[in-house]
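Q: Here's the letter readout for the chains.
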Amino acid sequence: MSIENNTISVKDLTIKYGEKEAIISVNLDIQESGVTAFIGPSGCGKSTLLRAFNRMNDEIPSCSMIGEIEWRGKNLLSDEIDPVLLRRAVSMVFQKPNVFPTSIYENVAFGLRIQGIKHKSKLDEIIEESLRDAFLWDEVKERLEDDAYSLSGGQQQRLCIARALATKPSILLMDEPTSALDPIATAKIEELIQALREKVTVVIVTHSMSQAARISDQTVFLYMGELIEAGETKKIFSEPEEELTGQYITGRFG
Amino acid sequence: MIESGTFLDGRAPRNRFTHSALFSAASLSVIASALIVYTLASGTIRFFEYEEATFFEFITGTDWVPNGRNPSFGIWPLLSGTALIAVGSLMISIPLGVAAALHLGEFASPRSRRFLKPIVEVLSGIPSVVHGFFALLVISPFMQRTIDATYFNAASAIIVVAAMILPIIVSISDDAIRAVPREIKEAALGLGATRWEMATKVVLPSARSGIVAAVLLALARAVGETMAVTMAAGSVAALHFDPRLEVQTLTAYIAQVATGDIPPGPATDAGFAVGSALFVLTYSVNILAVGATRKRLGANRGKMASLLFQIKVKLSMILERISGDIEYNLTQSNPFIPTKYDLFRRRKEKVSRFIVASSLFVGLAFLLILLQTILETGLAGIDLQFLTNFPSYRADQAGIGPTIWGSLWLITLTMLFALPAGVGAAVYLTELAPEGILNQFLRRTLQNLAAVPSIIFGLVGLYVFSRMFGFGLSLLTGSLTLAMMVLPMIVVTTEEALLAVPKSFRDAALGVGATRWQAVRHHVLPNAVPGIATGAILSVARALGETAPILFVASLFSKTAPTGIMDGFLALPIQIFFWTRHPKEAFHDLAASTILVLLMLLLILNFIAIFIRNRAEARRSW
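Chains as they are written, first to last, in our numbering: chain A, 1 to 254; chain B, 1001 to 1622.
Derived from the structure by calculation, the hints contain no laboratory data.
We treat Cβ as the ideally placed atom computed from N, Cα and C, and that holds for glycine.
Where hints are given, some of them may not hold.
[As the list claims (entries may be wrong)] Calculated Cβ distances over 12 Å to all of chain A for the following chain B residues:
(1) 1092
(2) 1277
(3) 1339
(4) 1341
(5) 1397
(6) 1432
(7) 1443
(8) 1559
[Unchecked claim] Pairwise CB distance ranges (calculated):
(9) 1182(B) x 182(A): 21 to 31 Å
(10) 79(A) x 1111(B): 20 to 30 Å
(11) 143(A) x 1344(B): 31 to 41 Å
(12) 1287(B) x 79(A): 47 to 57 Å
(13) 1182(B) x 14(A): 45 to 55 Å
(14) 1522(B) x 20(A): 34 to 44 Å
With the rest of the complex left out, here is chain A (with noise of 0.2 Å):
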């Protein structure tokens, strides 16, 4: 696929801890809409991908990145990008539903707040509508000044998702985030991620291959380090290319 406006390319992509390589020479094109999802047994790097679109490998010091991520223009993993920045427009949602130790309100509020957004009447509309969208809004309306906590796990990963989106991302990393869920979170969720196919692109790994098949329009597979195969969900699943992701989707390994 050439380069367009509307594709995330991943060019010849290795990312090391230390000198062990956890994502070796991957190349990759994510259409910018619908659901990508990454699948692969743990440890084959599907999470370590997920984190460079955002620099979250950044953080880790003994990461490093050789390759691109070229995204309207720009190479994401060039030194002139500011992570804090880019983080903005490429939200992340994390495996343990990790809010903060505050209010549901304030929770959401964070995003906006570290921009500049003091006024109330702004925040209140935008915390609306990201709670809204995040499938929360009828559960926490009349309690939004109540510690995050006392939201159970999967109300806590919708708030993670909601204060997500209130920064307004192009791109949303879900990094696995009903691993920590009962099945019937997991469905709210997945629900969820449906319907925000419409306003963001969301880019998810998940340890669950049936979950793969129902929500992600793209699949790809990720065995060891490298990129086995990737294309539509619907022919990753029915007639793979590869044998190992035959064997993989079929549960002979992983």
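Guided by the hints, dock chain B onto chain A, whose structure is given.
A: Chain B only, in chain A's frame:
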């Protein structure tokens, strides 16, 4: 040969004697606490039996004139002196300490952390009498020149007390900051926060209960600090808050009683009443600190928080009305072009991180100036004659021979009492005692004992060991007093060493039929020896540098080394105290030389502790 029946009917042998011995060791903290309360209570009652003293005047009076024909015992001047020093030193050490902890925990590279952390540790190892020397002979002259302070002044005391409590604030805040889960820090960064915003908006609020505890413990320490304030702040109790002038703290008054500047009678017994006030004060602060540590992250914030939230909402609405509306683009922002506000954030990040990083260098500068002054003044005076002669009243002949011997005797005896008791108590509490009310009670007692200001131990030594038990002004009295003081420290370090031994070791022994004590004796204690030894050596260092508890019982005029436990004694810190206060300058140099000897001994002790710890870590196979 095992007789049949020994393990079938009845119980296995239970090491009854060992159990009760260990239980007694654990109960010593209760006895020590009882002695403290008894000493303070009976002394206070004695004080109020004098005609000159009334309880009402004591708690409401604003004049503290213990001497003269018409004495007056209103405690407020002492309280205000104490408050001035405590609040003043906290105002310096809270910002510095929290900033330093933030730098260590969030910004410093592992390499600079390895370099910076020892500054804090060295600072915490300097005895308070050394800080007193520095305050009186270096900082005070500076204050006299710059802010027109008097010879004795609160300002110099405030500065050294700040340096003394800084390590408490740094190390406890650092622990709290490092305990903040990595996940929520990542959440902040993932939302586009700078590291500074992450540190101030997420890490600090999450660590706040730990930081509050740190501040409260530092406050308790500042209130209880004796030597530096006695030496630098003076002995005139006056109700004012001017740091340039002389003040007397609660502790300093007790020390004044100890040094014999106070005639017998109500003025002396007033020391006990002041001691009671000091005890109540530090005890309450300590209780608050324990309460603060209990509060966990994410615990329900309750009504107070909800109220604060309402206030915040109101404020921001007012703010909004005043400042009008800023346009905020609700559409997606450009990730490549910083807004004006982003540029401001970048500058703020740089400046703030620089300021925070420099906080530890203030501590370093303090340390370097202190060491440099002492080396400059003291090094020349150290020779064989100085190390062997007796403390003559002629400066050119004076030495510290008997003083060194006194200190060595003192720490040996102290450890002889405190080590078995402390290790025994720790073994009982961690390994044998059933979890329950009794265990909790014993632990709480130890915690409280650890928080008692050292000068109060001095009162107990004087009243109980010296007078009641009739041990007089002897090594025995001095070492029992110090033993009471270091006991909690030994218990805590021993417990840590025991808990570091894997549970599986105990299970393995219990699984083949050992009693709990046998498991501990053969499988836990041997593996905990290096940890216990390290803790014991650090306790020796503490006892060696401590002045206040033995201020009452040291014999200033003994010219010979002690030969038995009932002899009078001198100790290095006491010698430093008296030579520093000597009007002749030649004796100040002697004090500096004595400080150097004391610091050398402390340095050696610390090196031994580090050596043992490192060797044990290298040899450990589990």
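Q: Next, verify each hint and record whether it holds.
A: Here's how the hints hold up against the structure:
Listed as outside the interface, residue 1092(B) is consistent with that label: its C-beta sits roughly 29 Å from the nearest C-beta of chain A, beyond the 12 Å cut-off. With 12 Å as the threshold on Cβ separation, the claim that residue 1277(B) sits away from chain A holds: the shortest Cβ distance comes to roughly 38 Å. With a minimum CB-CB distance of about 8 Å to chain A, residue 1339(B) fails to clear the 12 Å threshold, and the non-interface call is violated. A beta-carbon of chain A is positioned within 12 Å of the beta-carbon of residue 1341(B); the least distance is around 4 Å.
With 12 Å as the threshold on Cβ separation, the claim that residue 1397(B) sits away from chain A holds: the shortest Cβ distance comes to roughly 60 Å. For residue 1432(B), the condition that its CB be more than 12 Å from all CB atoms of chain A holds, with the nearest at approximately 37 Å. Every C-beta of chain A lies more than 12 Å from that of residue 1443(B), the closest at about 28 Å, which supports listing it as non-interface. With a cut of 12 Å on Cβ distances, residue 1559(B) stays outside the contact zone with chain A, its closest approach being about 61 Å.
The hinted window of 21 to 31 Å between residue 1182(B) and residue 182(A) holds, with their beta carbons roughly 24 Å apart. At about 23 Å, the CB distance of residue 79(A) to residue 1111(B) agrees with the hint of 20 to 30 Å. Remark: the range hint 31 to 41 Å for residue 143(A) to residue 1344(B) is upheld by a beta-carbon distance near 34 Å. Between residue 1287(B) and residue 79(A), the C-beta spacing of about 53 Å keeps the proposed range 47 to 57 Å intact.
The beta-carbon spacing between residue 1182(B) and residue 14(A), approximately 25 Å, falls outside the hinted interval of 45 to 55 Å. Taking 34 to 44 Å as the suggested C-beta distance range, the pair residue 1522(B) and residue 20(A) conforms, at roughly 42 Å.
Checked against the numbered hints given earlier, the structure breaks hints 3, 4, 13 and satisfies all the rest.
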